[in-house]
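One-letter residues, chain by chain:
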Amino acid sequence: MSQLPMAGAPANVNLVGLAKNDYRGNPTTLCAGCGHNSISNQIIAAMYELNVLPENVLKFSGIGCSSKSPTYFMNRSFGFNSLHGRMPSIATGGLFGDHTLKGIAVSGDGDTASIGMGQFKHIMRRNVNMVYIVENNGVYGLTKGQFSATAEHGLHLKKQGTNAFMPIDICMEAVISNATFIARSFAGNAKQVKELIKAAYAHQGLAVLDIISPCVTFNNNEDSHYSYPWGKEHEAPLHDITYIPPRNEILLEEELKEGEVREVTLHDGSVIVLKNLEKSHDPTNRFEALRVLEEGQRNNWLATGLIYISTDKPTLSDTYNLVDTPLNRLQEADLRPAPEMIDKINDLMF
Amino acid sequence: MDKVINDFSIIVGTKNGSGSSTANNTILRAIFKMGIPVSGKNLFPSNIQGLPTWYTIRANKDGFLARREEQEIVIAMNPDSFARDLASVAPGGAFYYADDIKQPITRADIAVYPMPVKQIVRADQSIPNDFRDLVGNMVYVGVLAHMINIEVDKIEAALNFHFKGKQKPITMNMNMVRAGVEWAQANLEKKDAFVLEPMKKTDGLIMADGNTAAAIGSIFGGAQFVSWYPITPASSLAEAVNDYMPMLRKREDGKLTYAVVQAEDELAAIGMAVGAGWSGLRAMTSTSGPGLSLMTEFAGLAYYAEVPIVVWDVQRIGPSTGLPTRTSQADLTFVYNIGHGDSQAIILLPGNVNECFELGWKAFDIAERLQTPVFVLSDLDMGMNQWMSEPFAYPDKPMDRGKVLWEKDLEELKGNWGRYLDKDGDGIPYRTVPGNKHPASSYFTRGTGHDEYARYTEDSSVFLHNMERLKTKFESAKQYLPRPVTYMTEGAKIGIIAYGSTEAAINEARVQLERDHDMPTSYLRVRAVPFTAEVDEFVRAHDQIGVVEMNRDGQLHQLLSLAYPEAATKLRSVAYGDGMPASARWVREGLLATIARTVKADPAVEEMQPTVSLGAAEEDAVTEGAK
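Residue numbers (this note's numbering), protein chains in the order written: chain A, 1 to 350; chain B, 1 to 627.
Wrong hints could be hidden among the right ones.
Pairs of lysine to any residue residues, derived as SDA-like cross-links and limited to a Cα-Cα distance of at most 20 Å, are as follows [stated by the list, open to error]: (1) B:Lys250 <-> A:Thr325; (2) A:Lys121 <-> B:Gln262; (3) B:Lys200 <-> A:Asp347; (4) B:Lys471 <-> B:Asp459.
Don't read these hints as lab results, they were simulated from the structure.
Chain A with its partners taken away, still in its complex shape (with noise of 0.2 Å):
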């Protein structure tokens, strides 16, 4: 759906002239079925099929399995592994260097919820241009199977006991920090994790994207949220979602011919199709937003999909009213004031 033929260029590369090698990283040093695997190869088809060029794209990650995850997407994008829970103030100044550039921020349950909570309510306040991707699995890998601060109420993990408290919900938190899309999906339902990317990535202003992904290693009980069994069982879709970019927009009436259909428009002119499934939720609804999360916990089934959007607030740099040419471009002439200016500030000292 997602790709306009080119004359002439060959059926490997996409309309930017990269083939799907070119948006690729290092081979994954994750365990072999980890969930965050299939997030990186959905990134990375995502990516190809909407024709950034990688240098277009500025990648971030705080500390922790998911934040390793960088390296295995996107070799030609600039990026930065940073420091636990701190990914979020990276990348706030980090796009200020060149406002034309995208963020794909990845992180962990334990990163965002726990130790990076407060970066991560600040990010979505400010509405930094960037994709947040919180690779969600319940449970602290790298160190050897913690429970995080999402691990479900009652939990049991044969080394920790069981969980005591109650989870953090990242697409609740999401909502009432005024964040301006916010999507949960699950690692395991890789066509719905691609078209949400697409769409993430094509908002204007920070994306939250929860996804859950089982760690085969520590957490994949048959009762967990985090698990793969549990996933596809209680995973409860609330649209089957279309991600259109803008040039294709013609083709929208042909692809889409049946059932209740709600077109959700992005601020570049690209267009999100929902197709409703049981329910009829309207994304566009802070209230009905967090009714659906809610409904979610008290039955006990993880609502996937688009939760929320907002079209109308402005980005960052657009709140900072930036330059045109990129800030790293400028140069002394922009960036020193005139000689004449010290003999002004001189007179304003007293």
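On the provided structure of chain A, position chain B as indicated by the hints.
Same frame as chain A, but now just chain B:
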């Protein structure tokens, strides 16, 4: 009675939040405008309203402007500190007080001037009730002006500056000043000796605080990204960036070439700065001790990942929250060792307001040249108080953006480069920044082990090699750092090493030591760590060196001892930290107590001279011994 002209100190005791700062700054600025060297220091509590607060002003014809422990003129406006204020007047001094304070006057050795402040304010019907207490402070300005000869037109100039020319508050305040003058003229008889006379010693000078100077200096350095979190005494630095950027970086299209972000905490403040520095911006943050503690992890990352940032630490006295409104130089060893593992820091040490400006712009050149965090250590006294200063001088060299490769550079190199490759042998690698469209431009930045091409590795020899290169880089750093300032006295065997805002006290103490104690000294003011060769030479050239600083443990003394272990025994620590700005007395007494002084005959005997503790009796004994 002989007059004492242009050589005395004034202290005003008020309640904080009572609006006295306008009045006190007005006195300070008016004296400055009269051409008399003057300094003002706000000794304030960590509180918004109701606690005692003091403001000291020192006028000195010879230009000695450090804090003094004695004050000849005391103005008491606060009943809560009245008894203490009264007791603090130097014998023969003058005591002005608001006469609604009904407390016993227990001194007969001073001149006492009650002032009917409330009556004078009430007599002016034009003043709204809400403003009475506020403008009441201008009554003591007027009374004092008459009694010590502050020129009223200079007061008006000061108020005009303070209120940025807004006529209404200027008039209201000036009316009170004039009422104070008139009342004093009609009712007070001068019974003390202290007066001012105009001089010409402040011509061409400006008056500014160090935080403002640092902010403006940073703007002239091309600052592009400033992230910060409010903390006393650093807040006014970032706020001044916000104040002056619109004027200094104005563009016709109204768009901004910079961003100032108030972060959610100091972790985020430095994190954003590191992100911006990494992406090629001139990035800075400003904070004080507790904030710096939070910034430590990022400082280590920036050191190891080699990201240029500038961090201003406006020091206050700790540990912990400590005395948040009192000055200090106690962060030096902390910053020197900042970060876990083997990490290092470049430290710049401005010694006055003018150098806050100068190092403000130079810090960016140094950070970008070296691709490492640069810490600039100021302090509360320098940062927040008004100081006379030489005017700021326009940067005398173009910006140094360091080793940055753009698209055309990479084309020339055919994309062949390594982020951490020591191509030039100076330990300083090349870097690219985001947005570079060359397909070989990107690299992956990390705090984990990395090789010359920024690839992850846990290889021991690669790690070792990289750490050795970083060490080389810090050796190369010395050529880019500001040189120390030295004041050599011919034949002096005793040296003083210090840094920062103690300079005023040291200058005065040196004159006293030579004049009254036959102890000529040379003086070196350090302006950067790691130390440059000049410091080594100075240490070698002197028999004993007093290391003067405002902290308990002698932190500069420690660093010098580490740098010059063979000279450690001749380095004497003169360290003192009570939160107050340095005075000439403690510098003088500290040096007299610590520097062993005998007639130099047998070096072995000199070695055995016991260290003498600080105190007046010992001071005399030491002095006697020296004669």
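Hint check results:
1. A hinted pair counts as satisfied when its Cα atoms are at most 20 Å apart, and B:Lys250 with A:Thr325 qualifies at roughly 15 Å.
2. The hinted pair formed by A:Lys121 and B:Gln262 meets the criterion: a straight-line CA distance of about 15 Å does not exceed 20 Å.
3. Distance check on the hinted pair: B:Lys200 and A:Asp347 sit about 18 Å apart at the alpha-carbon level, within 20 Å; holds.
4. Only pairs whose Cα atoms come within 20 Å are accepted, and B:Lys471 paired with B:Asp459 is accepted, the gap being roughly 19 Å.
Every hint from the earlier list agrees with this structure, and none is contradicted.
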